[in-house]
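Chemist: Below are the chains, spelled out letter by letter.
There are 2 protein chains.
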Amino acid sequence: MTDGTRRKIVVSTLAEAEFFAAGGFDDIIYGKPVIPSQIPRCKKLQERCTQFHLLFENEESFYSLERTPLENKKWTVFLEVDIGGCRTGVPWDSERVIELARLASQAQNVEFKGIYSHSAVAYTKTSETALRGQAKLDTQRVMGVCDRIRQAGIAVDSVGLGDTPSCSVIDDSMANLTEVHPGNYVFYDTQQCGTGSCTMDDIAVRVATRVISHKPEINQIVTDSGFVSLSHDGLSSNLPNGIAVFQDHPELRLQRVTQEHGCVSVKSGDIDCRAYPLDSMLFIYPYHACATAANHPVFYVHSGDKVLGTWKPVKGW
Amino acid sequence: MTDGTRRKIVVSTLAEAEFFAAGGFDDIIYGKPVIPSQIPRCKKLQERCTQFHLLFENEESFYSLERTPLENKKWTVFLEVDIGGCRTGVPWDSERVIELARLASQAQNVEFKGIYSHSAVAYTKTSETALRGQAKLDTQRVMGVCDRIRQAGIAVDSVGLGDTPSCSVIDDSMANLTEVHPGNYVFYDTQQCGTGSCTMDDIAVRVATRVISHKPEINQIVTDSGFVSLSHDGLSSNLPNGIAVFQDHPELRLQRVTQEHGCVSVKSGDIDCRAYPLDSMLFIYPYHACATAANHPVFYVHSGDKVLGTWKPVKGW
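If you read the protein sequences in the order shown, they are chains A and B.
According to our numbering, the stretch in the first sequence is residues 1 to 317, in order.
According to our numbering, the stretch in the second sequence is residues 1 to 317, in order.
These are computed hints drawn from the structure, not numbers from a lab.
Treat the hints with caution; some may be incorrect.
Which copy? The list can't say, so a pair holds if one copy fits it or any two copies do.
Said to hold, decoys possible - Straight-line alpha carbon distances no greater than 30 Å define the calculated DSSO-like cross-link-like pairs of lysine-lysine that follow:
no., residue 1, residue 2
1, 312, 44
2, 306, 44
3, 306, 43
4, 267, 312
5, 43, 73
6, 267, 73
7, 306, 267
Looking at chain A on its own, in the form it has when it is part of the complex (with noise of 0.2 Å):
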């Protein structure tokens, strides 16, 4: 992911950027504009890193880093734009984002470096085709937001698009962008693969799960993966196979998940239990990786058959 270097990442918590500063990271984007109560850890994480960015998208939280010198460098900050996705950010078309860009680059103590966006809007598409029009579009909107910054006299140097969709397709008007900041793309999942972003080939992370029931009675079996292990993420998706999709077993269909239990039926047809042993290991894709792998306190790196090590996930925030 980043190229064997300890260099150019993104974060969504401070705590995952304090754990990755204290294994030897830099140049640290912070992927939330910051608020002012953060500022004494941010401090703490630019004075670790020789580079650690923050996004802003509002007067008050760039006034409070303002406020706030740093000892022989300058904060680094990014303009959040919001290009159609209606979470942070400036929207995209306002003349706020020259009025915020202005600011920031006539600062003392902060120093402008670009424009940081994320497209929510690809996460809609459904083929790759209309994937790469979105990201075109997304482009085209994040390029325009470039242009009239610089065209009022402002220094862009990064201008970055986020989210995997795009990032996996690639349109070619993405040649213009500095930066990229995919996440996702590290596991992929059904979701992805419904927005054409990727082939379920390349989804490189499973939940292990085993049969602790048969109920032919109501055409059912019950798995030991419950939405503290899945999530319920996609429950409302609609998707053919339900919240997931079983390895191997294209016929399978997870219906619902409570706690601890997963209750899975087929397509069509009865259920043959005697497929599915009891005790028997199922893998399931998960719906939203993100969503699933924020559930689990570790995941297994394996290859086949071996377990090769363990990574655990950064938690709280």
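Dock chain B against chain A, hints included.
Modeler: Below, chain B without anything else, positioned relative to chain A:
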């Protein structure tokens, strides 16, 4: 919960059983049907505890126990009966309840304790009256199973019904039960309010979140609680408040969550962002406390503004 003792608890994972046994707890029920591959861990728990009880609901797992004798004691088992929840358990109205109870009562290495059941249907009720009716029906079913087993000449020491909704209303008929197994009532949540099992005042848990963005142009504020904090549970519940309820802010509606963002609007009209200053803290009553709590690495136990301690939940399986 245990009247000052460290006895008589139910756990939903073996990891929890091992944690509590290591902490001196005893008389523990593992509340899912045991499968053969778990028997080595269960054997260690049997050696550690005076009493560690298992659920069974099929011959195959039962025979695995029978083939694994313990030193100086017997396995103690409950027959899990499905009283309509369609999860694990033998159907309450089937002949198999008698067959399996007889099997357990005649075994050399196993002691048959009684019946365990969980009322999932109670969760679908929407008033205390309806809930009490369901609790009565569920109790009738499980007591009916008990009577049938006794009529077959088999002793039944213990008759248990689970679930927080039923155990919160306590129908008179439940006096015939020997134990109940609620779990959620430790915290309660807005889902439970919806069933009629509690009021908002009974909910003993909140998620603290901060306002990270104002988006008046799309009638929204954004908080830093996404699905990694709140879970997706309740997303399809169509509750008037969206996925969750904000303390002291009944006007707010949590519209959607992404990994680390919560998009919040008001139930009607335009949002007045000044009422929710950037960086201010809001407190969320979760829709499903079990799902939300499972996402957090630490719970802060407080009295007013004073943190009295921290609880760290058991993770993994």
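Chemist: Would you mind marking each hint as holding or not holding in the structure?
Modeler: Evaluation of the provided hints:
For the homomeric pair residue 312 and residue 44, the shortest alpha-carbon distances inside one copy (24 Å) and between copies (26 Å) are both at most 30 Å. Only between protomers do residue 306 and residue 44 lie at most 30 Å apart by alpha-carbon distance; the minimum there is 26 Å, versus 40 Å within a single protomer. In the homo-oligomer, the alpha carbons of residue 306 and residue 43 lie at most 30 Å apart only across protomers (27 Å), although the nearest pairing inside one protomer, at 42 Å, exceeds that limit. Taking the shortest alpha-carbon separations for residue 267 and residue 312, neither the intra-copy value of 35 Å nor the inter-copy value of 40 Å comes in at or below 30 Å.
Taking identical chains as interchangeable, the C-alpha atoms of residue 43 and residue 73 lie at most 30 Å apart only when both belong to the same chain, with a minimum of 11 Å there against 60 Å between chains. In this homomeric assembly, residue 267 and residue 73 never come within 30 Å of each other (Cα to Cα): the closest approach is 60 Å inside a single copy and 45 Å across copies. Within a single copy, residue 306 and residue 267 get their C-alpha atoms no closer than 33 Å, and across copies no closer than 53 Å, so neither meets the 30 Å cut-off.
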